[in-house]
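So the sequences go chain by chain: A and B. To convert a position in the first sequence, counted from 1, into the numbering used here, add 1087. To convert a position in the second sequence, counted from 1, into the numbering used here, add 1087.
It is possible that part of the hints are untrue.
Stated by the list, open to error - Straight-line Cα separation of at most 30 Å, DSBU-like style, residue types lysine-lysine; simulated pairs: (1) B/K1110 with B/K1122; (2) B/K1152 with A/K1147; (3) A/K1161 with A/K1110; (4) B/K1128 with A/K1140; (5) B/K1098 with B/K1140; (6) A/K1123 with B/K1122; (7) B/K1110 with A/K1161; (8) A/K1147 with A/K1161; (9) B/K1122 with A/K1122; (10) B/K1152 with A/K1152; (11) B/K1140 with B/K1122; (12) A/K1128 with B/K1161; (13) B/K1152 with A/K1161; (14) B/K1161 with B/K1128; (15) B/K1147 with A/K1128; (16) B/K1140 with A/K1140; (17) B/K1140 with B/K1161; (18) B/K1161 with A/K1161.
Derived by calculation from the structure, the hints in this document are not laboratory data. Note that the structure is predicted; figures quoted are calculated from it, not measured.
2 protein chains.
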Amino acid sequence: MAIAHVIVELKPQVLDPQGEAVKNSLHSLGYEEVKKVRVGKYITLEVEGNDLKEVEEKVKEMADKLLANVVVEKFTVRVEG
Amino acid sequence: MAIAHVIVELKPQVLDPQGEAVKNSLHSLGYEEVKKVRVGKYITLEVEGNDLKEVEEKVKEMADKLLANVVVEKFTVRVEG
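Isolated chain A, as found in the complex:
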């Protein structure tokens, strides 16, 4: 069994209203030192398979098709045995 970690983030040029809202909330709690916040997804998958390279390719396919909206999001995949 392999464990895949997928980080899905908005592309830099895409506005992040959720990040803005979190930043404003942090400012209202007094954390003025926070200048920018971006919120993304952290997805962990347990995937059957021993060939980590093969699992990584498959998970990239899954991210491309479902886990990320590749029009506005980018993703990274890390697999551990």
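Since chain A is already given, all that's left is putting chain B on it; use the hints.
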């Protein structure tokens, strides 16, 4: 300026309906090898400050107070200069 990366995940014993939904969708796309999916948040913050240790402590405070619901979620913080 420091960059903090906060990973917020549901605690292991907490049910993850979103993860279940993603798993079922992946199965419907033919990815039967996926046995379990957990969906969390990946939050990136730009924080003013040069003392990375101090920034890390502050971001942990922010996570405790706002970024995570510590009743059902756990978080990790990593800060880079």
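For each hint, the structure was consulted:
1. Between the alpha carbons of B/K1110 and B/K1122 the distance comes to roughly 8 Å, so the proposed pair stays at or under 30 Å and holds.
2. With a C-alpha separation of about 34 Å, the suggested pairing of B/K1152 with A/K1147 is violated against the 30 Å cut-off.
3. Straight-line distance between C-alpha atoms of A/K1161 and A/K1110 comes to about 22 Å, which keeps the hinted pair within the 30 Å bound.
4. Restraint check: the Cα-Cα separation between B/K1128 and A/K1140 comes to about 25 Å, which is no more than 30 Å; the hinted pair holds.
5. Restraint check for B/K1098 and B/K1140: the C-alpha separation of about 26 Å stays at or below 30 Å, so the hint holds.
6. A hinted pair counts as satisfied when its Cα atoms are at most 30 Å apart, and A/K1123 with B/K1122 does not qualify at roughly 36 Å.
7. Only pairs whose Cα atoms come within 30 Å are accepted, and B/K1110 paired with A/K1161 is accepted, the gap being roughly 20 Å.
8. Proximity of A/K1147 to A/K1161 is assessed by CA-CA distance (about 11 Å); at most 30 Å being required, the pair is judged to hold.
9. Restraint check for B/K1122 and A/K1122: the C-alpha separation of about 39 Å exceeds 30 Å, so the hint is violated.
10. Distance hint between B/K1152 and A/K1152 is unfulfilled; the C-alpha atoms sit about 35 Å from each other, more than 30 Å.
11. For the hint pairing B/K1140 with B/K1122, the CA-to-CA distance comes to about 38 Å; that exceeds 30 Å, so the pair is violated.
12. Between A/K1128 and B/K1161 the alpha-carbon distance is near 15 Å, which keeps this suggested pair within the 30 Å criterion.
13. Restraint check for B/K1152 and A/K1161: satisfied, since their Cα atoms lie roughly 28 Å apart, inside the 30 Å limit.
14. With a C-alpha separation of about 11 Å, the suggested pairing of B/K1161 with B/K1128 holds against the 30 Å cut-off.
15. For the proposed pair B/K1147 and A/K1128, the alpha carbon gap of about 19 Å is at most 30 Å, so the pair holds.
16. Note on B/K1140 and A/K1140: the hinted pairing is violated, with a Cα-Cα distance of about 36 Å set against a maximum of 30 Å.
17. Between the alpha carbons of B/K1140 and B/K1161 the distance comes to roughly 20 Å, so the proposed pair stays at or under 30 Å and holds.
18. Proposed proximity of B/K1161 and A/K1161 is supported: the alpha carbons are some 24 Å apart, at most 30 Å.
In the structure shown, a violation is registered for the earlier hints numbered 2, 6, 9, 10, 11 and 16, in ascending order.
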